[in-house]
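Q: Protein sequences, first through last, are from chains A and B. Counting in our numbering, the first sequence runs from 811 upward without gaps. Counting in our numbering, the second sequence runs from 811 upward without gaps.
Accuracy of the hints is not assured; some may be wrong.
Put simply, identical chains are the same to the list, so a pair is met inside one copy or across any two.
What the hints assert, rightly or not - Below 30 Å or equal to it, Euclidean Cα-Cα: the simulated DSS-like pairs (lysine-lysine) are:
hint: 1; residue 1: Lys939; residue 2: Lys854
hint: 2; residue 1: Lys836; residue 2: Lys957
hint: 3; residue 1: Lys942; residue 2: Lys956
hint: 4; residue 1: Lys839; residue 2: Lys954
hint: 5; residue 1: Lys954; residue 2: Lys924
hint: 6; residue 1: Lys845; residue 2: Lys957
hint: 7; residue 1: Lys939; residue 2: Lys864
hint: 8; residue 1: Lys954; residue 2: Lys836
hint: 9; residue 1: Lys942; residue 2: Lys839
hint: 10; residue 1: Lys854; residue 2: Lys895
hint: 11; residue 1: Lys924; residue 2: Lys942
hint: 12; residue 1: Lys836; residue 2: Lys956
hint: 13; residue 1: Lys840; residue 2: Lys942
hint: 14; residue 1: Lys939; residue 2: Lys840
hint: 15; residue 1: Lys942; residue 2: Lys845
hint: 16; residue 1: Lys864; residue 2: Lys845
hint: 17; residue 1: Lys954; residue 2: Lys845
hint: 18; residue 1: Lys924; residue 2: Lys939
hint: 19; residue 1: Lys854; residue 2: Lys836
Quick caveat, the hints were computed from the structure, so don't treat them as lab data.
Here are the chains, one letter per residue:
There are 2 protein chains.
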Amino acid sequence: MDRDNYHSRIPEPALRRLPWYLSYIKLLKKQGYGKVSSTQIAQKINVSATQIAKDLSYVNVSGKTRVGYDIDELTAVLEDFLGFKRMHSAVLFGVGSLGAALLSDSGLEQYGLKIYAGFDVDPAIVGQKINKIPVFHSDDFALKNKKLNAQIGILTVPPDIAQEVADFMIAGGIEAIWNFTPFRIRVPEHIVLQNTSLYAHLAVMFNRLVKDDE
Amino acid sequence: MDRDNYHSRIPEPALRRLPWYLSYIKLLKKQGYGKVSSTQIAQKINVSATQIAKDLSYVNVSGKTRVGYDIDELTAVLEDFLGFKRMHSAVLFGVGSLGAALLSDSGLEQYGLKIYAGFDVDPAIVGQKINKIPVFHSDDFALKNKKLNAQIGILTVPPDIAQEVADFMIAGGIEAIWNFTPFRIRVPEHIVLQNTSLYAHLAVMFNRLVKDDE
């Protein structure tokens, strides 16, 4: 869907499925299992065993057809492959309702995303801290980022300034944008773009609910 | 990707693009425009004019090839079609870091999602309010939901209890589950399932950043 696909050897749909496998084998571990086969994963997750084996062939893990994968090894390999064990530095633009909510979500840090600062222009918010994360004025971004060196910029501004703020972040050194706005921003080819539109997901859900009622 | 696709006449990828168009034409409106053509939308968004015209053919709007669409009419039709103007009632299970963050995000209400209650088992949280939304004990869900009549259940519990809590919500009358956990839950055919895994999106972003560095 996004233009950056060709960078990765692993296809995006496969990459998106890996966290499901990780999540499931962690559960098996808790239940006392030591080994897991792709057939076993397939029974619990809506993906065929063949597809699972293929997806896992992209990561460097040794599975034996009969015995299956060692859960500890597969967990470590997946977490490493998915980048959850390396800390990635981020800043967030637009400390409104959703922005402040994301700053409050300490769960992201467990998955390798550390937000060092929020940026906004609202004097009521600038200078405050949310979940111990300072909020600076957007004008200070380029200067602050020389120190912070953030790779990732989280975009939670109003949609009508989404493009402008994205350009501003990129000018300040951001390499990847996590776009939560419903606005379809454009970025240069070397910039990684990830769209997460909660509102688009809501729309899909609402639409299906209506169809079910008919 | 999800099993519920066949319910909808509009294909999911098209449905997911509609909020982008809505967001863009709202911006044009702010800038003083009254009409918009699919070509004009295509210039700003990474979608061809043909695709846009096709996507918009699913919604009941009259576009004239030369003149384009009336922005006010298209806005109203899209908002109605996407369900953003009707309020959908929801509850949230798992008032941890992400759950509390979603309760705090008043923005969802602007898109038609009203969260009436949170549910958890932690005595430190049960009985509290977040953003004026009460948090009840999970055991009280079936009883509370007779009154609340929530259609949508937001799932933000730890992944190892995601399936169990999903089953519990469905037993209590929930018709759609918005799953934020990285766990791949299974639901009966008549239940709408929307997966929004922030962690899967993080993984895609991290993976592309690494590939870019190589």
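Q: With 30 Å as the alpha-carbon cut-off, assign the pair Lys924 and Lys942 to within, between, both or neither.
A: Both: 12 Å inside a chain and 29 Å across chains, each within 30 Å.
Q: How do Lys954 and Lys836 come out at 30 Å by Cα distance, when the copy is not named: within, between, both, or neither?
A: Intra 38 Å, inter 33 Å, cutoff 30 Å: neither.
Q: From the Cα coordinates, with 30 Å as the cut-off, is the pair Lys839 and Lys954 best called within, between, both, or neither?
A: neither (42 Å within a copy, 35 Å between copies)
Q: When no copy is specified for Lys942 and Lys956, does a C-alpha distance of 30 Å or less occur within a copy, between copies, both, or neither?
A: within (20 Å within a copy, 39 Å between copies)
Q: Quick one: Lys864 to Lys845, C-alpha cut-off 30 Å, is that within a copy, between copies, both, or neither?
A: within (18 Å within a copy, 49 Å between copies)
Q: What label fits Lys836 with Lys957 when the C-alpha limit is 30 Å: within, between, both, or neither?
A: Close neither inside one copy (37 Å) nor across copies (37 Å); limit 30 Å.
Q: Given identical chains, is Lys854 near Lys836, meaning Cα to Cα at most 30 Å, within a copy, between copies, both, or neither?
A: within (13 Å within a copy, 43 Å between copies)
Q: Regarding Lys939 and Lys840, is the shortest C-alpha distance of 30 Å or less found within a copy, between copies, in both, or in neither?
A: neither (36 Å within a copy, 32 Å between copies)
Q: With identical chains treated as interchangeable, where does the CA-CA distance between Lys942 and Lys839 reach 30 Å or less: within a copy, between copies, both, or neither?
A: Result: close neither inside a copy nor across copies, 33 Å intra and 38 Å inter.
Q: Please sort Lys840 with Lys942 into within, between, both or neither, judging by C-alpha distance up to 30 Å.
A: Result: close neither inside a copy nor across copies, 32 Å intra and 36 Å inter.
Q: Between the shortest in-copy and the shortest cross-copy C-alpha distance, which are at most 30 Å for Lys954 and Lys924: within, between, both, or neither?
A: For Lys954 and Lys924, only the intra-copy Cα distance (16 Å) is at most 30 Å; the inter-copy one is 37 Å.
Q: Is the C-alpha distance from Lys954 to Lys845 at most 30 Å within one copy, between copies, in both cases, or in neither?
A: Answer is neither: 47 Å inside a copy and 42 Å across each miss the 30 Å cutoff.
Consistency with the previously given hints fails for numbers 1, 2, 4, 6, 7, 8, 9, 12, 13, 14, 15 and 17, ordered from lowest to highest.
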